[in-house]
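*Asks:* For reference, the chains in residue letters:
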Amino acid sequence: KNEVEQSPQNLTAQEGEFITINCSYSVGISALHWLQQHPGGGIVSLFMLSSGKKKHGRLIATINIQEKHSSLHITASHPRDSAVYICAVTMYSGGGADGLTFGKGTHLIIQP
Amino acid sequence: DAGVTQSPTHLIKTRGQHVTLRCSPISGHKSVSWYQQVLGQGPQFIFQYYEKEERGRGNFPDRFSARQFPNYSSELNVNALLLGDSALYLCASSSGGRGNTIYFGEGSWLTVV
Chain A
1 KNEVEQSPQN
11 LTAQEGEFIT
21 INCSYSVGIS
31 ALHWLQQHPG
41 GGIVSLFMLS
51 SGKKKHGRLI
61 ATINIQEKHS
71 SLHITASHPR
81 DSAVYICAVT
91 MYSGGGADGL
101 TFGKGTHLII
111 QP
Chain B
1 DAGVTQSPTH
11 LIKTRGQHVT
21 LRCSPISGHK
31 SVSWYQQVLG
41 QGPQFIFQYY
51 EKEERGRGNF
61 PDRFSARQFP
71 NYSSELNVNA
81 LLLGDSALYL
91 CASSSGGRGN
101 TIYFGEGSWL
111 TVV
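Going line by line, the protein sequences match chains A and B.
Note that the first sequence covers residues 1 to 112 in the numbering used here.
Note that the second sequence covers residues 1 to 113 in the numbering used here.
Since the hints were made in silico from the structure, they are not lab data.
Just so it is clear, CB atoms sit at the ideal spot from N, CA and C, and this is done for glycine as well.
Some clues are possibly wrong.
What the hints assert, rightly or not - Dumping the calculated DSS-like pairs for lysine-lysine here, alpha-carbon to alpha-carbon at most 30 Å:
#, chain 1, residue 1, chain 2, residue 2
1, A, LYS104, A, LYS54
2, A, LYS54, A, LYS68
3, A, LYS104, B, LYS13
4, A, LYS53, B, LYS30
5, A, LYS104, B, LYS30
6, B, LYS30, A, LYS54
7, B, LYS30, A, LYS55
8, A, LYS68, A, LYS55
9, A, LYS104, A, LYS68
What the hints assert, rightly or not - If you want the ones that stay clear, here's a sample from chain A, every Cβ over 12 Å from chain B, calculated:
#, residue
10, ILE19
11, THR20
12, SER26
13, LYS53
14, GLY57
15, PRO79
16, GLN111
As the list claims (entries may be wrong) - Simulated restraints, written as ranges between beta carbons of each label pair:
#, chain 1, residue 1, chain 2, residue 2, range
17, A, ASN2, B, VAL113, 28 to 38 Å
18, B, HIS18, A, GLY57, 41 to 51 Å
19, A, HIS69, B, ASN59, 43 to 53 Å
20, A, HIS69, B, THR101, 37 to 47 Å
21, B, GLY3, A, LYS55, 15 to 25 Å
Here chain B stands alone, though its shape is the one from the complex (with noise of 0.2 Å):
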């Protein structure tokens, strides 16, 4: 089975632009949350979604929204992108509720110059 697949795997953007990452989960998890781990510290959570609807948010600017689809895959959007978005974005999925184990991608590698 596939893991939880994140793509691109590699972009740079420039100041004020937008990008979309995209995160598809293991087949049957219904849960998917984002994260944003800047080089040298440790993953900071951004949303979590749940059944298509978001179940938590952290201390991240309106600039980052997120959406998970029927098929539970899930976009995470960045507007007006500034040098200190420049972070591995991580996307991990289960299969719902408290205590369950959690599978993490790759991660998208985010470049803002």
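Just chain A, with the same shape it has in the complex (with noise of 0.2 Å):
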């Protein structure tokens, strides 16, 4: 079983829908992070989140500690928010390394 797990793996929804991707983890974690990736490889930060919520433009991202849940919204959702959205965790090692456990992804294509 993965330690950071993600839903939906594939998404297709209509210009304007209100998107929802979910993320779990099983480790204790130091800070999750909401990732985007666009076809050619390049990764960008969207959210680092540690507790409760935090909106930019159009995205929202949440964390539930206590239930080790993490959810990406997307409103009014537009055909360039097509992209692999990447759910990534740092372990809470007491000490160490402080490299990132990733998700499999969610590959979103919004149509027009």
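These two chains come separately, so use the hints to put the complex back together.
*Replies:* Structure (structure tokens):
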């Protein structure tokens, strides 16, 4: 079982729809990151969360530490939002690596 | 300010050869991490360096090594290349410490033939 699970793996929606991508993790973490990856490889950090909720433009990210669950929401989705969205965590190891552990990603396609 | 820069962007190597990938972090960032992303999968952690010391290592064989220089740039070296090493190699930098925003480079695409 992966330490970071995302759902759905693939999502196709119409322009304007409200999008939700879920992430569950099974380990203690110090931070959770939502990342966006476009074809060609480059990864952009969207949010870094350790508690609560953050909003940036049409993107909202929430995290529930007790339930080990996070969601990424996109409001008024647009075709330019089409990308792979990846959830990644920094594990709390009490010292040592800060390397990220990644989910497998959600491939989002927004159709006009 | 320049972001995280990686070189080369694309390269093709033959099985058994050696490869060196380079990464320059954002100015002021002391932490550099390396990740391998095989096509269709999420990235996998290879190494993290902070202040020129190895902070962590993922589950990769000893053919993979890295180092960080006094200017905080970093190299990832892979010896005795295998076909399965074909992947996108990503470098990320941060100011260090848990919970800091991480910035990724565009990656180096390695094809082993």
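*Asks:* Next, verify each hint and record whether it holds.
*Replies:* Here is how each hint holds up against the structure:
1. Taking the CA atoms of LYS104/A and LYS54/A, the gap is about 22 Å. The hint holds against a cut of 30 Å.
2. The hinted pair formed by LYS54/A and LYS68/A meets the criterion: a straight-line CA distance of about 17 Å does not exceed 30 Å.
3. Between the alpha carbons of LYS104/A and LYS13/B the distance comes to roughly 27 Å, so the proposed pair stays at or under 30 Å and holds.
4. Under the criterion of a C-alpha separation no larger than 30 Å, the hint pairing LYS53/A with LYS30/B is consistent with the structure, at around 28 Å.
5. Between LYS104/A and LYS30/B the alpha-carbon distance is near 28 Å, which keeps this suggested pair within the 30 Å criterion.
6. Taken as a hint, the LYS30/B and LYS54/A pair is honoured in the structure, with Cα atoms around 26 Å apart against an allowance of 30 Å.
7. Taking the CA atoms of LYS30/B and LYS55/A, the gap is near 28 Å; set against the 30 Å cutoff, the hint holds.
8. For the hint linking LYS68/A to LYS55/A, the alpha-carbon distance of about 20 Å falls within 30 Å, and the restraint holds.
9. Taking the CA atoms of LYS104/A and LYS68/A, the gap is about 17 Å. The hint holds against a cut of 30 Å.
10. Non-interface call for ILE19/A relative to chain B: holds, since the shortest CB-CB distance, roughly 19 Å, exceeds 12 Å.
11. For THR20/A, the shortest C-beta to C-beta distance to chain B comes to about 19 Å, beyond the 12 Å cut-off, and the non-interface label holds.
12. Non-interface status of SER26/A relative to chain B is upheld: no Cβ of that chain comes within 12 Å, the nearest being about 16 Å off.
13. With a least CB separation of 16 Å from chain B, LYS53/A remains clear of the 12 Å interface cut-off, as annotated.
14. GLY57/A, annotated as away from the interface, keeps every beta carbon of chain B farther than 12 Å; the closest lies near 17 Å.
15. No beta-carbon of chain B comes within 12 Å of the beta-carbon of PRO79/A; the shortest separation is about 22 Å.
16. Chain B leaves GLN111/A outside its interface by the beta-carbon criterion, the shortest separation being 22 Å against a cut-off of 12 Å.
17. Roughly 30 Å separates the CB atoms of ASN2/A and VAL113/B, a value that falls within the hinted 28 to 38 Å.
18. Between HIS18/B and GLY57/A the beta carbons are some 44 Å apart, a value that agrees with the proposed interval 41 to 51 Å.
19. Take HIS69/A and ASN59/B: their Cβ atoms lie about 26 Å apart, and the range 43 to 53 Å is violated.
20. Separation of HIS69/A from THR101/B is about 22 Å and departs from the stated range, judged on CB atoms against 37 to 47 Å.
21. Evaluation of the 15 to 25 Å hint for GLY3/B and LYS55/A yields a pass: the beta carbon distance comes to about 24 Å.
Checked against the numbered hints above, the structure breaks hints 19 and 20 and satisfies the rest.
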